[in-house]
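Working from the sequences, and respecting the hints, build out all of it.
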Amino acid sequence: MKRTGLLYDERFLLHKTGEGHPEIPERLSAIMQGIEKADLLSKLIPIPVTAAKMKWIEKVHSPKYVHRFEEACMLDLGELGDPDNQICPQSYDTALLAVGGILNTIDMLMEGKLDNAFCAVRPPGHHAEMMDAYGFCFFNNVAIAARYLQLQWNIGRIGIIDFDVHHGNGTQHIFDQDADIFYYSIHEHPSFAYPGTGREFEKGSGPGLGTTLNSTVLPGQGDEEYMRKITLDLLPAFEQFKPEVILISAGFDAHAADDMSDINLSTEGFSWMMETICRMADKYADGRLISVLEGGYSLEVLPELLKNHVEILLGLKELQTESERKSHVH
Amino acid sequence: MFIDKSMTKNVVAVGPEMSIVAAREIMVKNGIRHLPVVVEDDKLVGIVTDRDIRTAMPSAVLFDAEHAAQLEQLAGVKVQDIMTSGPVTVSPTQTLEDALLMMEMHKVGAFPVVDGEGRLKGIVSVRDLMRAFVSVLGLRDPGVLIGIVVEDKLGQMKKIVDAISELGISFGSVLVARTWEEGKRAVFPYVLTNNIARVRKHLREKGFTLLDPMDWYLDQVPKK
Numbered sequence: 051m052k053r054t055g056l057l058y059d060e061r062f063l064l065h066k067t068g069e070g071h072p073e074i075p076e077r078l079s080a081i082m083q084g085i086e087k088a089d090l091l092s093k094l095i096p097i098p099v100t101a102a103k104m105k106w107i108e109k110v111h112s113p114k115y116v117h118r119f120e121e122a123c124m125l126d127l128g129e130l131g132d133p134d135n136q137i138c139p140q141s142y143d144t145a146l147l148a149v150g151g152i153l154n155t156i157d158m159l160m161e162g163k164l165d166n167a168f169c170a171v172r173p174p175g176h177h178a179e180m181m182d183a184y185g186f187c188f189f190n191n192v193a194i195a196a197r198y199l200q201l202q203w204n205i206g207r208i209g210i211i212d213f214d215v216h217h218g219n220g221t222q223h224i225f226d227q228d229a230d231i232f233y234y235s236i237h238e239h240p241s242f243a244y245p246g247t248g249r250e251f252e253k254g255s256g257p258g259l260g261t262t263l264n265s266t267v268l269p270g271q272g273d274e275e276y277m278r279k280i281t282l283d284l285l286p287a288f289e290q291f292k293p294e295v296i297l298i299s300a301g302f303d304a305h306a307a308d309d310m311s312d313i314n315l316s317t318e319g320f321s322w323m324m325e326t327i328c329r330m331a332d333k334y335a336d337g338r339l340i341s342v343l344e345g346g347y348s349l350e351v352l353p354e355l356l357k358n359h360v361e362i363l364l365g366l367k368e369l370q371t372e373s374e375r376k377s378h379v380h
Numbered sequence: 002m003f004i005d006k007s008m009t010k011n012v013v014a015v016g017p018e019m020s021i022v023a024a025r026e027i028m029v030k031n032g033i034r035h036l037p038v039v040v041e042d043d044k045l046v047g048i049v050t051d052r053d054i055r056t057a058m059p060s061a062v063l064f065d066a067e068h069a070a071q072l073e074q075l076a077g078v079k080v081q082d083i084m085t086s087g088p089v090t091v092s093p094t095q096t097l098e099d100a101l102l103m104m105e106m107h108k109v110g111a112f113p114v115v116d117g118e119g120r121l122k123g124i125v126s127v128r129d130l131m132r133a134f135v136s137v138l139g140l141r142d143p144g145v146l147i148g149i150v151v152e153d154k155l156g157q158m159k160k161i162v163d164a165i166s167e168l169g170i171s172f173g174s175v176l177v178a179r180t181w182e183e184g185k186r187a188v189f190p191y192v193l194t195n196n197i198a199r200v201r202k203h204l205r206e207k208g209f210t211l212l213d214p215m216d217w218y219l220d221q222v223p224k225k
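In the order they appear, the protein sequences are chains A and B.
So the first sequence is residues 51 to 380, counted in the working numbering.
So the second sequence is residues 2 to 225, counted in the working numbering.
These are computed hints drawn from the structure, not numbers from a lab.
As the structure is a computational prediction, the values presented were derived from the model and not from experiment.
Take the hints with a grain of salt, since some may be wrong.
DMTMM-like mimics (lysine to aspartate or glutamate), calculated; alpha carbons at most 20 Å apart, straight line [said to hold, decoys possible]:
#1 B:Lys202 to A:Glu69
#2 A:Lys333 to A:Glu354
#3 A:Lys109 to A:Asp126
#4 B:Lys207 to A:Asp309
#5 B:Lys44 to B:Glu98
#6 A:Lys52 to A:Glu350
#7 B:Lys207 to A:Glu120
#8 B:Lys202 to A:Asp157
#9 A:Lys114 to A:Asp126
#10 B:Lys185 to B:Asp220
#11 A:Lys87 to A:Glu76
#12 A:Lys333 to A:Glu294
#13 A:Lys367 to A:Asp309
#14 A:Lys52 to A:Glu120
#15 B:Lys202 to A:Glu350
The following block contains the structure:
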């Protein structure tokens with residue numbers, strides 16, 4: 051069994067988004083319930099949560115934007131720039147705690163106290179740009195984590211895998227020119243899904259040309275297409291890049307039961323994907339893998355999806371061979 | 002939407018006496034495919050395209066010796082020998098819609114823009130129009146397209162806009178497909194939100210019929 055960390059804090063529930071918004075505290079409650087019910091909690095190593103230092107937030111976001119976010123919460127403006135980005139007075143502090151917890155996770159991982167970890171955080175991050183909140187995201191958790199690995203722990207090559215059904219425009223743009231951070235995303239084709247970026251011809255620019263890779267999936271597709279694209283696109287790219295640490299932007303909204311997309315990934319499809327990523331982490335990164343929650347809005351399927359996700363991180367689920375898995379899914 | 006707001010103003014032009022070899026070099030260097038041809042006082046007399054030049058050039062499959070000889074001969078060929086004289090032009094005060102419809106009609110990729118005295122003021126190409134339409138479609142703003150099929154009658158668009166506005170959501174653009182089916186139109190609002198589930202649910206509750214994304218099209222009726 052692996053030493054898997056779990057980042058969770060009840061204060062992550064304090065970011066409230068109001069009626070009609072899918073990114074709600076109940077998501078985390080559902081996830082924790084799935085993990086608890088399967089008796090996994092005692093097997094997981096708790097990670098302390100402290101607010102992130104401004105120094106690290108500002109490695110990704112402009113001070114002006116951070117200030118605007120803080121002020122909007124203090125004044126209780128209700129939203130940050132757009133009705134998608136609902137806020138309450140506690141949102142800013144919650145976002146700081148989420149980032150701080152992730153940075154603590156990195157410290158424990160790099161100090162050898164953990165093999166891998168799952169970070170059950172809110173608010174999510176991958177749509178957040180340097181100077182703007184977008185699509186329920188305020189601080190780009192994974193982008194800040196990658197910068198922290200680079201600058202604090204001198205990690206040379208960091209691989210980000212974003213399987214949220216929406217393209218992580220923020221993360222892609224932040225590392226567009228960075229040859230040392232590989233951003234891979236698989237998502238619903240941008241002509242049919244928010245935010246409209248992540249087309250297959252977007253491959254990074256300048257020195258970062260070739261370290262951005264997008265796989266797009268058409269509405270109605272599911273397991274078979276995910277397997278095909280991950281096998282054809284991601285596996286050879288990481289074989290060449292050989293990341294020393296892997297970060298996951300883990301969104302669970304590609305599931306067939308999630309009404310935020312037209313993609314029909316199954317529960318088994320998610321497991322296949324996570325097992326494939328864990329194998330890559332073992333092969334290139336000495337197992338070092340941190341999974342950070344992004345989207346996923348179906349309160350019905352989140353408990354099981356996250357139970358499986360954590361079991362795979364712990365190494366409790368038998369890592370099936372590809373052929374076995376294929377025969378199972380079809 | 003006047004052409005002078007979207008056209009390329011710093012237009013590269015050549016004189017009629019220039020050799021076509023030199024004209025080709027100018028095109029390659031500037032990454033352009035159309036060269037307006039002007040005489041004194043910027044008076045437009047013609048246009049030469051990369052296609053005109055390619056047609057006049059020797060084939061690359063010729064043997065080297067033969068190729069060199071032909072190139073030498075070509076050095077004497079002037080732009081005025083191969084240009085289109087008196088090309089179709091537009092004026093700066095015509096509109097982008099004019100240019101778009103004229104491109105479709107004349108099947109050309111660019112028009113020189115000239116003033117009332119026939120002086121060259123710019124050039125407007127497919128690329129300029131594309132840039133303008135990428136912008137008006139709102140594709141650079143984070144958002145998502147929704148397909149709705151409605152009766153082809155007055156007031157439908159208002160209902161859609163009202164329903165989406167009720168949710169406090171802004172529009173990047175709205176497209177309409179006119180050839181949907183008898184008596185129907187398909188409306189495609191590009192809405193600036195990630196909360197697609199809420200928008201879809203709200204529209205369904207309002208009685209709208211949403212289209213399966215895999216069935217979307219704009220102007221070509223799919224084969225039955």
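The hints, checked one at a time:
| no. | hint | in the structure |
| --- | --- | --- |
| 1 | B:Lys202 to A:Glu69 | holds, 14 Å |
| 2 | A:Lys333 to A:Glu354 | violated, 27 Å |
| 3 | A:Lys109 to A:Asp126 | violated, 26 Å |
| 4 | B:Lys207 to A:Asp309 | holds, 18 Å |
| 5 | B:Lys44 to B:Glu98 | violated, 25 Å |
| 6 | A:Lys52 to A:Glu350 | violated, 28 Å |
| 7 | B:Lys207 to A:Glu120 | violated, 37 Å |
| 8 | B:Lys202 to A:Asp157 | violated, 43 Å |
| 9 | A:Lys114 to A:Asp126 | holds, 18 Å |
| 10 | B:Lys185 to B:Asp220 | holds, 13 Å |
| 11 | A:Lys87 to A:Glu76 | holds, 16 Å |
| 12 | A:Lys333 to A:Glu294 | holds, 10 Å |
| 13 | A:Lys367 to A:Asp309 | violated, 28 Å |
| 14 | A:Lys52 to A:Glu120 | violated, 38 Å |
| 15 | B:Lys202 to A:Glu350 | holds, 18 Å |
Going down the numbered hints, you'll see the structure goes against 2, 3, 5, 6, 7, 8, 13 and 14, while the others check out.
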